[in-house]
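Participant: Spelled out from the first residue to the last, the chains are:
2 protein chains.
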Amino acid sequence: MKIVNLAEKFDRINEYWSPRIAGELNDSYVKLVKLKGEFVWHHHENEDELFLVVQGRLCIKLRDRDLWLEAGEFVIIPKGVEHCPVAEEEAHVLLLEPKSTLNTGNVVNERTVEAGWI
Amino acid sequence: MKIVNLAEKFDRINEYWSPRIAGELNDSYVKLVKLKGEFVWHHHENEDELFLVVQGRLCIKLRDRDLWLEAGEFVIIPKGVEHCPVAEEEAHVLLLEPKSTLNTGNVVNERTVEAGWI
Chain H
21 MKIVNLAEKF DRINEYWSPR IAGELNDSYV KLVKLKGEFV WHHHENEDEL
71 FLVVQGRLCI KLRDRDLWLE AGEFVIIPKG VEHCPVAEEE AHVLLLEPKS
121 TLNTGNVVNE RTVEAGWI
Chain X
21 MKIVNLAEKF DRINEYWSPR IAGELNDSYV KLVKLKGEFV WHHHENEDEL
71 FLVVQGRLCI KLRDRDLWLE AGEFVIIPKG VEHCPVAEEE AHVLLLEPKS
121 TLNTGNVVNE RTVEAGWI
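Residue numbers (the working numbering), protein chains in the order written: chain H, 21 to 138; chain X, 21 to 138.
Don't read these hints as lab results, they were simulated from the structure.
One should not assume that every hint holds.
The list treats identical chains as one, so a pair stands whether inside a single copy or across any two.
Here are the simulated DMTMM-like cross-link-like pairs (lysine to aspartate or glutamate), alpha carbons at most 20 Å apart as the crow flies [said to hold, decoys possible]: (1) K99 x D47; (2) K119 x D47; (3) K29 x E58; (4) K81 x E110.
Keep in mind it's a predicted model, so treat the numbers as computed, not measured.
Taking the hints into account, I'd like the entire structure generated from these sequences.
Facilitator: Written out as structure tokens, the structure reads:
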């Protein structure tokens, strides 16, 4: 039972788009990720995914609209919904998702990474 | 897919120790709760529970030590571990836990409440 200080953990993340595991509970991981630029369109077949913006501003593009999130806001993207995260400036985001979740969902390409602990 | 602004939601919570559901994903709820004072000792038989402090300061008493959390810090209390949250001043806390989780865990008393949506 370790206390996780979000700011301290984010300070140690040097790569964009590379989620790091900061906690596990039940069948899920809490992951921390720094985002900057545009990701890839993807969906998760079986997993709902929570995005909580801790610092900065995040746009999650959907096929029919854009969701703009500020620090202190979260949204849950249900399984099956195509989305593409975009951050014009660096954003710090907490993710909550089942352990089975791949960062690029149904897509496997050069942006696909396996999350390690931080 | 609604964006949830934590500060706006907490503004609408008028009761202490009464978690409100702010989101659902997979088999879990995201709950928001205002804490002040001392709760009851309890544990959750089958559910790990995440406490993320959004504002204020929270002490989670364990049988062998106290965990002090500041805003921007989280801890996960594993299933079966007895704990008793205490907040000297008002604290705003985000909880993540399976939908089956009762606020008082294995204890049912006058502090037991069923969470509704906010």
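Participant: Hint by hint, note whether the structure agrees.
Facilitator: Right, here's what the structure says about each hint:
1. Taking the shortest Cα distances, K99 and D47 sit within 20 Å of each other both inside one copy (16 Å) and across copies (12 Å).
2. In this assembly of identical chains, the alpha carbons of K119 and D47 lie at most 20 Å apart whether taken from the same copy (6 Å) or from different copies (13 Å).
3. Proximity of K29 to E58 under the C-alpha cut-off of 20 Å is found in neither arrangement, the shortest distances being 23 Å within a copy and 30 Å between copies.
4. In this assembly of identical chains, the alpha carbons of K81 and E110 lie at most 20 Å apart only when taken from the same copy (17 Å versus 36 Å across copies).
Violated hint: 3 only; the structure is consistent with all others.
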